[in-house]
Amino acid sequence: MSFLISFMLLIIIIYFSYILIIKTVNKLFNFNITENKYLKIYYGFYIAIPMLVTFLVITLFSSKLILFYLGKTSQQSFPQNSIKSCALYIHLQEDYKCQILNKKDFKSLKVISKKYLTYTDFINSNKINILTLISILSLFLLFLKLHSLKNINEKLGSMVEVFLWCFSLVGILISIGIILSLFLETLKFFHLVPLKNFIFGLKWNPDATNNISQNLGLIPLLNGTILIALIAIIFSSFLGIFSGIYLSEYMPKNLQKIIKPILDVLAGIPTIIYGFFAAITLTPIIQSFLSNFNLILNNESSLIAGIVIGIMITPIITSLTYDVFKTLPKNIKEGALGLGLTKNESIRKICFQMALPNIISSIILAFSRAIGETMIVVMASGLAAKITLSPFDSVTTITTQIVIMLQGDQEFNNPKTLSAFALGFILFLITLFLNIISLYITKKYGYNKK
Amino acid sequence: MSKFRLFKEYIFQATGLFSIFILFFILIYMLYSIFINSYKAFYTHKITLTITFTEKMLKNQNLKDPNFASNILKVTLNNLLKTENIKTDDILSLKSIIDLSNLLEKENTALINKTYNLTFLLNSAIDNYLKNNISPQTLTPQILQEIKKLRLTKIIYPIFNIYFFTNNDSFSSELAGIKSAFIGSISSILVALIFSFIIGVSTAIYLEEFSSKKLLHSIVEININNLASVPSIIYGLLGITILQNFLLLPRGSIILSGILLGIISLPTIIINTRLALRGIPNYIKESGYGVGASKHQIIFNLVLPLALPNILTGTVLAMLRALGETAPLLLLGAFIFNTKTPLSLFDKSTSLPIQILLWYNIPSHGFLEKASAAISILILLVILISILTMYLKNKFEKKF
Chain A
1 MSFLISFMLL IIIIYFSYIL IIKTVNKLFN FNITENKYLK IYYGFYIAIP
51 MLVTFLVITL FSSKLILFYL GKTSQQSFPQ NSIKSCALYI HLQEDYKCQI
101 LNKKDFKSLK VISKKYLTYT DFINSNKINI LTLISILSLF LLFLKLHSLK
151 NINEKLGSMV EVFLWCFSLV GILISIGIIL SLFLETLKFF HLVPLKNFIF
201 GLKWNPDATN NISQNLGLIP LLNGTILIAL IAIIFSSFLG IFSGIYLSEY
251 MPKNLQKIIK PILDVLAGIP TIIYGFFAAI TLTPIIQSFL SNFNLILNNE
301 SSLIAGIVIG IMITPIITSL TYDVFKTLPK NIKEGALGLG LTKNESIRKI
351 CFQMALPNII SSIILAFSRA IGETMIVVMA SGLAAKITLS PFDSVTTITT
401 QIVIMLQGDQ EFNNPKTLSA FALGFILFLI TLFLNIISLY ITKKYGYNKK
Chain B
1001 MSKFRLFKEY IFQATGLFSI FILFFILIYM LYSIFINSYK AFYTHKITLT
1051 ITFTEKMLKN QNLKDPNFAS NILKVTLNNL LKTENIKTDD ILSLKSIIDL
1101 SNLLEKENTA LINKTYNLTF LLNSAIDNYL KNNISPQTLT PQILQEIKKL
1151 RLTKIIYPIF NIYFFTNNDS FSSELAGIKS AFIGSISSIL VALIFSFIIG
1201 VSTAIYLEEF SSKKLLHSIV EININNLASV PSIIYGLLGI TILQNFLLLP
1251 RGSIILSGIL LGIISLPTII INTRLALRGI PNYIKESGYG VGASKHQIIF
1301 NLVLPLALPN ILTGTVLAML RALGETAPLL LLGAFIFNTK TPLSLFDKST
1351 SLPIQILLWY NIPSHGFLEK ASAAISILIL LVILISILTM YLKNKFEKKF
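Respectively, the protein sequence lines represent chains A and B. Taking this note's numbering, the leading residue of the first sequence gets 1, the next gets one more, and so forth. Taking this note's numbering, the leading residue of the second sequence gets 1001, the next gets one more, and so forth.
To be clear, the hints were calculated from the coordinates, so they are not data collected in a lab. One or more hints might be untrue.
[As the list claims (entries may be wrong)] Cβ-to-Cβ under 10 Å is the rule here; a few derived chain B residues that face chain A:
{"#": "1", "residue": "Ser1019"}
{"#": "2", "residue": "Asn1226"}
{"#": "3", "residue": "Glu1325"}
{"#": "4", "residue": "Ile1387"}
A virtual CB, placed ideally from N, CA and C, is assigned to each residue, including glycine.
Let the sequences and hints guide you as you build the complete structure.
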């Protein structure tokens, strides 16, 4: 809550300082500023940006900076957590508890954490003072620059550009963050478990108490993941392609206009709903159906998970196929009809050939969606890590194991927790590879309107 | 020969129609089965008890004591059922005792010599029996008989289950509700909206209007297209390492899940906004230059207002995706039994899909239909909002 209150205070201060500037400038220079909308924004930026930046730095990084400074200046180095918790103990006036954290150098730890406490107290109590100081400084700078405010529009333009450029860096930062965070944790994992054991291991048993590096093998998980994704693709590609073709070529236009948006909405239904449907409704139906043929289906099986993921990705394939068939030029279809082909012959022998690369790339895209799908698999496919090709058995997947490893307590020096990051890295590489292939196919062989 | 070709044509058309039919049949069946399961969660049973408070009853008693309220209820129930060995919680929910003791504390001595017709919630076993969820063998035959009688005389009657919307999660199925999950979902979506809309739209404007074809431009472009197709669980891993362990946002809090959902929906918003900006024809910008406007004036006064309907539609659809996102939040500690309503952004909270998963995992009766009901609310929310946005888009979109 203190965060929110200080943020509100900050906004109020910015507003009042803005009004102050306008009034003083009007009085000093006999100059009616409020007429120029852009000048207002420029002043606002001038005061608001330095204040916002300092505010964010103080709230997010102040304790880290202090710890860094203390680590540089003091002779002994302590772990940051122990300094923090010792400071908390001193704040609660229970100094003796610091001894638990570090028995040997307990006195120097106490001195350092007292310093830490005073610094943080100083910064917390003087937050508003620092901010006002900075606003006054930026006001002063603004007054110095007042004489060169003629080309205000150009200046504002360049300022806006810098602003937008900073935001567009966030996209890069996020992807760098994904790669870095996955990569660093994966490296930590491979210090504990050799790469060879992980990639070629045939056993997945993270709960094993001894010799864990022999029990973290990728192959069973990869088996389950690919089995489920293949079932999904087999189920959905036929349905998706045929319904896409029918929708674009045979359906009356009014119906097309209704059904296409419905497909888009269906593609956005949360996947947990599909998972619920798989576990509660579909499993009993298919179990009773298969029992007629003396086949036994587990309560959790790759068949059900595959079928439901297939249902989930069918709208994607349908709408992509629809889009490709809509972009094909009309004269080709009409020429084929003019030569005496029936409509289905023109579609099968001419249009389908032209659209095939795009359709294949859409199927690859759907395959990568199926591999990365989590909730359906968590609810419907089980936890048994087996190497099997039978669709009636329960299998486990990469995504399920990531959820299982990280759901509860997390210890970042345990191979069990770190294995989730290694699995995530593998998943990231697989999906990235598939996406690049699908992009390559559409770019090189696909039909484009241009 | 031509008949054969015509036959093939019919077969082809029939297969296409059949596959569309199958697709829609399965999807409609899915929604139907969930709605059918869910209706039981939307009503509950209440019992009307007539209690007369006498001076003798209230004299020398601690009115705040729940045991006293429980005793009163026990006596009334035994009078009603003409027995002596029925306990209060055999029939009534625990909440009814709390309700009664609140009433006693509030009214105090004003109650004396008055007769009240009070309604109380039944407990989950009897509620489930009346909804045909469990077999009658689980209840004692004596209670069963009396309940049947009371149901016929309408002393026990079904009523709309308002508690499903006003309560937080609970272990007993007659009291569990979606309030905290709903608030958590909506507030984290709002955080995500603020985060991703500002950053996404400004990135898209920069990429479309300001940057020339430079190195940075191409890197950002490739990045964003890749990010859009990364599985959402990998964003969960990012959230753990950067948001939770580096920026030290509290695990399971609204702000953590909100920012993560914002990051997930960022690429979609950027791509949609770029498409919307590209849809504005060049002559509009050129006419702006002709009048003497500068670049940022043209962008913020001409291009953005025209592209806004499409941008907003894309944003709303991305937010709906984020609303249903479950897996990354599971990793960030939102999978908790939460009986408190979150009051600030740093409070722990679940979200609607995670509440569904929690109820799905509880084996006792009555929770599966709660999960179905939560799902139907989620689906209705998603479908209604997307239909509304499509309608509004068609209304306000300007075509060139």
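What are the numbers of the hints the structure violates, in ascending order?
Structure breaks no hint.
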